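J.: Each chain, written out:
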Amino acid sequence: GESVGLHLPTLSVQEGDNSIINCAYSNSASDYFIWYKQESGKGPQFIIDIRSNMDKRQGQRVTVLLNKTVKHLSLQIAATQPGDSAVYFCAETSNTGGFKTIFGAGTRLFVKA
Amino acid sequence: DGGITQSPKYLFRKEGQNVTLSCEQNLNHDAMYWYRQDPGQGLRLIYYSQIVNDFQKGDIAEGYSVSREKKESFPLTVTSAQKNPTAFYLCASSISAAAGTEAFFGQGTRLTVV
Chain A
220 GESVGLHLPT LSVQEGDNSI INCAYSNSAS DYFIWYKQES GKGPQFIIDI RSNMDKRQGQ
280 RVTVLLNKTV KHLSLQIAAT QPGDSAVYFC AETSNTGGFK TIFGAGTRLF VKA
Chain B
118 DGGITQSPKY LFRKEGQNVT LSCEQNLNHD AMYWYRQDPG QGLRLIYYSQ IVNDFQKGDI
178 AEGYSVSREK KESFPLTVTS AQKNPTAFYL CASSISAAAG TEAFFGQGTR LTVV
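Residue numbers (my numbering), protein chains in the order written: chain A, 220 to 332; chain B, 118 to 231.
Source of the hints: derived by calculation from the structure; they are not laboratory data.
Fair warning: there could be bad hints in the mix.
Said to hold, decoys possible - Derived DSBU-like pairs: lysine-lysine, alpha-carbon spacing no greater than 35 Å straight-line:
| no. | chain 1 | residue 1 | chain 2 | residue 2 |
| --- | --- | --- | --- | --- |
| 1 | A | K261 | B | K131 |
| 2 | B | K131 | B | K188 |
| 3 | A | K331 | B | K126 |
| 4 | B | K174 | B | K126 |
No experiment lies behind these values; they were computed from the predicted model shown.
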C-alpha cells in the first residue's frame, strides 16, 4: 500500500551540529514532496519542497535530497539551533487517481544547548 | 495580514453533541482541507474542497460534515456519529488542489469530548 514513513521517530542533536531527518515513500507516482515543521500546539509550517524531476534543493540552512531509486527523502538542517526543536513531517503529493497527499507520522527533533 | 484562521483554539464537546469548527482564509485560495491529528500520528485527511460549492470525502470522513458556500470559509461539523472525536483539527488551504502546490495551515483547534 501507499505510505510515507520516517525512519527515526525522535532525533536528539547538539546545538550547532547538523541534523538529518529521513523519510521513505512507496508511491512511485508521487511527483511533489514537502517538508513541514510543526511546533507544539501549532499548525505545520512549510520549510522546503522538491519536485520529482530534481534530486536536491537548498534553502536557508536546509537542504532536501530526493532519491527516487530507493524512494527516499531527507531533510538536512545545518548548524541546528534550539528554535529548530519541533516535529518535522514529510508529505508526498500525486495527482494520479485524484488528489492525494500523504503525510508521514513525523520526527521529533530535540536540540540540546 | 493574509492567512488562514481557525477558531476556537480549544473546544469542549459533550457526548452526543454536534460542534462546528471554523476555518477562514483571505489568501484567495481555491482549495481548502481539513485534517485530523492524533498524538504521535501524522495528518489524516477528513474532507477537501477544490472549489466553492464542491467538496470531497477524504480518508476518514465518517462522522464529519462540511460546507463550502463561500470561497473564504470551510467549516467542519463534528457530528455525534463520530465515536472518537477528541483530536487536534487542522485546516489548510492552497492555490489549487493540484500536486505541486503548497498548503498553508491554520493554528489548529483542539477538540475534547467531556
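J.: Give a verdict on every hint.
T.: Hint check:
1. The straight-line distance between the Cα atoms of A/K261 and B/K131 is roughly 24 Å, inside the 35 Å bound, and the hint therefore holds.
2. Restraint check: the Cα-Cα separation between B/K131 and B/K188 comes to about 31 Å, which is no more than 35 Å; the hinted pair holds.
3. Distance restraint check for A/K331 and B/K126: the Cα-Cα separation of roughly 30 Å lies within the 35 Å cut-off, and the hinted pair is therefore satisfied.
4. Note on B/K174 and B/K126: the hinted pairing holds, with a Cα-Cα distance of about 24 Å set against a maximum of 35 Å.
In this structure, none of the earlier numbered hints is contradicted; all agree with it.
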